[in-house]
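> If you want the building blocks of each chain, they are given just below.
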Amino acid sequence: MFTRLYEQIAADPINLAAAIITLIVLVAGAAYIVTYPRLFMLGLKNLRRHFLRTALTSAAIGVLAFMITTIWTIIFFIDLITVERSKDLKIIVTYRWSVPSQMPITHADYLNPASSQFLPELVDAQGNKLYGPNDFMTWSFYGGTTDPAKITPDTLILFFVMEPEQIIPMMDDLGDLDPKLVEALKDKPQGCLLGTDKLKALDKKVGERFKLTSINYKGIDLEFEIVGVLPDGRYNASAIMRMDYFNKSFEQYARANNGRAHPLANKRLNLIWLRVGDRDKFDQIGSIVMKSPRFSNFPVKVETASSLVGSFLDAYRDIFLAMKFVIVPGMLVIMALVMANAISITVRERRGEMAVMKVLGYRPNQVFLLIVGEAVFVGAVAGLLAAGATFAFFNLRWGGIPFRIGFFPVFRIPEAALMWGLAIGTLTALAGCLIPAWTARSVKVSEVFSKVA
Amino acid sequence: MAEPIMHIRNVVKSFTRGGEEITVLRNLNLEVAEGEFLGIMGPSGSGKTTLLNLIAGLDKPNRGEVWIGGRCVSTMTESQLAAWRTRNIGFIFQFYHLLPVLTAYENVELPLLLLPISSQKRRDQVLNALDLVGLSDRMYHRPGQLSGGQQQRVGIARAIVTDPTLIVADEPTGDLDARSAVEILNLMGELQKGLNKTILLVTHDPRAAERTQRIVHLEKGQLLESEEMQAAGLMAPSDSFQAKAQG
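As given, the protein sequences belong to chains A and B, one line each in that order.
Just so we're aligned: the first sequence equals residues 1 to 453 in the working numbering.
Just so we're aligned: the second sequence equals residues 454 to 700 in the working numbering.
These are calculated hints, taken from the structure and not from any lab test.
A couple of the hints might just be wrong.
[What the hints assert, rightly or not] Listed below are several chain B residues computed to face chain A (Cβ distance under 7 angstroms; list not exhaustive): (1) Ser532; (2) Ala535; (3) Thr539; (4) Leu567.
[Claimed, not checked] List of simulated lysine to aspartate or glutamate pairs, EDC-like, C-alpha gap at most 20 angstroms: (5) A:Lys188 to A:Asp178; (6) A:Lys150 to A:Asp221; (7) A:Lys90 to A:Asp280; (8) A:Lys45 to B:Glu559; (9) A:Lys444 to B:Asp512; (10) B:Lys513 to A:Glu447; (11) A:Lys444 to B:Glu531.
None of these values were measured; they are calculated from a predicted model.
Here a beta-carbon is modelled for each residue, glycine too, at the ideal position from N, C-alpha and C.
Excised from the complex, chain A in its bound form (with noise of 0.2 angstroms):
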């Protein structure tokens, strides 16, 4: 989890701004509750007294706060698989007259470092390939239904079909994949990795067997052995299964079917996946890859994972702004003025007390981080625990937020969320309560007491 939460945090500026003020909440709660417990207490007690309106300002905010952190968990997914990452930056071959892309098996050779028809324009002068046998991988697409009478999300099963030697070094978020799982895919030619969700579908467990009717290859219905399950995270209803098994599945149905082949025998490879490592790389390859007559009968385009998935959801565009550059922020601005108004009534309500505090010798900013103390605690700790609550409720009910779009079936929420609850519950606790503060602080004694008397 915590290797997640670094790799979160190093990955997005928002996540590392929110561990910014999350360690900062933390170390100044720390230092305010060491260097004046009592008045922390009295903050505590002070938030007590109304507990009604404690209890409801708190909700309001973590109901927000709950909004927000769903929301931004599918921002955040986009944003990330979206934007191109310098370091890692993969090729994605494709057909180029279709989507979803269907290409000959064969385009695979030509672009396979390993293979003898890999093409001569990708070796350099000196004799090298521009990348090697471990930045190579093709996908197909096998999905398939353990019930053909019920077809539903639980028994639907979506296959990478690809080779099990591919995994550990092509497959995002995979690269730490125990190679004993590899292993034992490659010792069972119908074995099979599922996420851990699929397995609970199926109510089946690791060494048992099932059985798929195709849905989008008909007539080829394969049974699979379970080897292993996939990590948690990304890929949890998703599932992997061998090129090999997929490719003789074809021949198979040649035989049952007196030579004749599949419709779609020669349309079975969807994606090539090539890592060229930089941008001069991408041109490169890309230009040759685009160029090479090999190609011509059908013809690809290249492209890197984030333009891809950025086209596939263009649709959605509009979508996304409004839901980072409207709601989220207006969601912010109500949960700031939902703190506003709950401080300023509880000010108004003890200005006496404000007083009597100064007339007992508490300095105006004593005063004012009182005020800012209950704001902010109950602001962090609704946030928080809002958070928390979004994290559990959709991770662990559905392994995210079931908010189907295209292939992403679900969207985990990273574990970062919880760094965002408690960094927007006290920045806009913070926001919310700096006037009415100010206000405490600037009691005047003397007028309070000549209204009081």
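Please build the complex by placing chain B on the supplied structure of chain A, with the hints as guidance.
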């Protein structure tokens, strides 16, 4: 008479209300000796509370100076005043002004939290103050669980807990029934005698004023001693507390 602990010199205080300037205190002068129990009387709106606020550093004069314990209060900044008040002023309010969420113990402890003393010493001082006002057995009660008289005792304990130079009491019996008022006045008298505290008592209540050693009257923004009041015809001899006491 002991050395004066408080000097008020030519103090002028005015307010602007509705565009009109109202002068409440006019060239007011006062000296109070250490250990003195001084009563300040005057009709409503005569400026008694304003005078107390100036003495406690809660407000500033337009002109003149307020010196307490060798320091000029009227020139201090707000933060300096706050720090100074903790050690030098104990304030007793008419309406007690205890923090309702805190127990009697915690209310009394509140001013001590600002001082650099150990928690053990703080505890000793709080317990001592509560013992002096006879509320040791009520220390864990909140204000809402105490009678008016008991709340005012807590207020007095809070005022004396820092061992201040000056105790300022603004109508401390104004919100109490007769019996409780007598108890509070007895307590203040005992404190003044037992601890040799300097106390300024603002009151309307002649019975309260009787307990003081000296009474000054605030009239038209200036202070008059009781004798001066009688001479000016502002107070009949039969109304004087001394006369009452003698009668």
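> Please go over all the hints and tell whether each is borne out by the structure.
These are the hints, each one checked on the structure:
For Ser532 (chain B), the suggested interface contact is upheld, since its CB lies about 5 angstroms from the closest CB of chain A, less than 7 angstroms. Taken as an interface hint, Ala535 (chain B) checks out: its beta carbon lies about 4 angstroms from the nearest beta carbon of chain A, inside 7 angstroms. Interface hint at Thr539 (chain B): satisfied, since its Cβ lies 3 angstroms from the closest Cβ of chain A, which is below the 7 angstroms cut-off. Among the interface hints, the one on Leu567 (chain B) holds; its C-beta lies about 5 angstroms from the nearest C-beta in chain A, closer than the 7 angstroms criterion.
In summary, the hint linking Lys188 (chain A) to Asp178 (chain A) is supported, as the alpha carbons are separated by about 17 angstroms, within the 20 angstroms threshold. At most 20 angstroms may separate the alpha-carbon atoms for a hinted pair to count; Lys150 (chain A) and Asp221 (chain A) meet this at roughly 16 angstroms. A C-alpha spacing of about 12 angstroms is found between Lys90 (chain A) and Asp280 (chain A), which places the hinted pair at or below 20 angstroms, so the restraint holds. The hinted pair formed by Lys45 (chain A) and Glu559 (chain B) meets the criterion: a straight-line CA distance of about 12 angstroms does not exceed 20 angstroms.
Between Lys444 (chain A) and Asp512 (chain B) the CA atoms are separated by roughly 8 angstroms; this keeps the pair inside 20 angstroms, and the hint holds. As the CA atoms of Lys513 (chain B) and Glu447 (chain A) are separated by approximately 13 angstroms, the hinted pair is consistent with the 20 angstroms bound. Taking the CA atoms of Lys444 (chain A) and Glu531 (chain B), the gap is about 11 angstroms. The hint holds against a cut of 20 angstroms.
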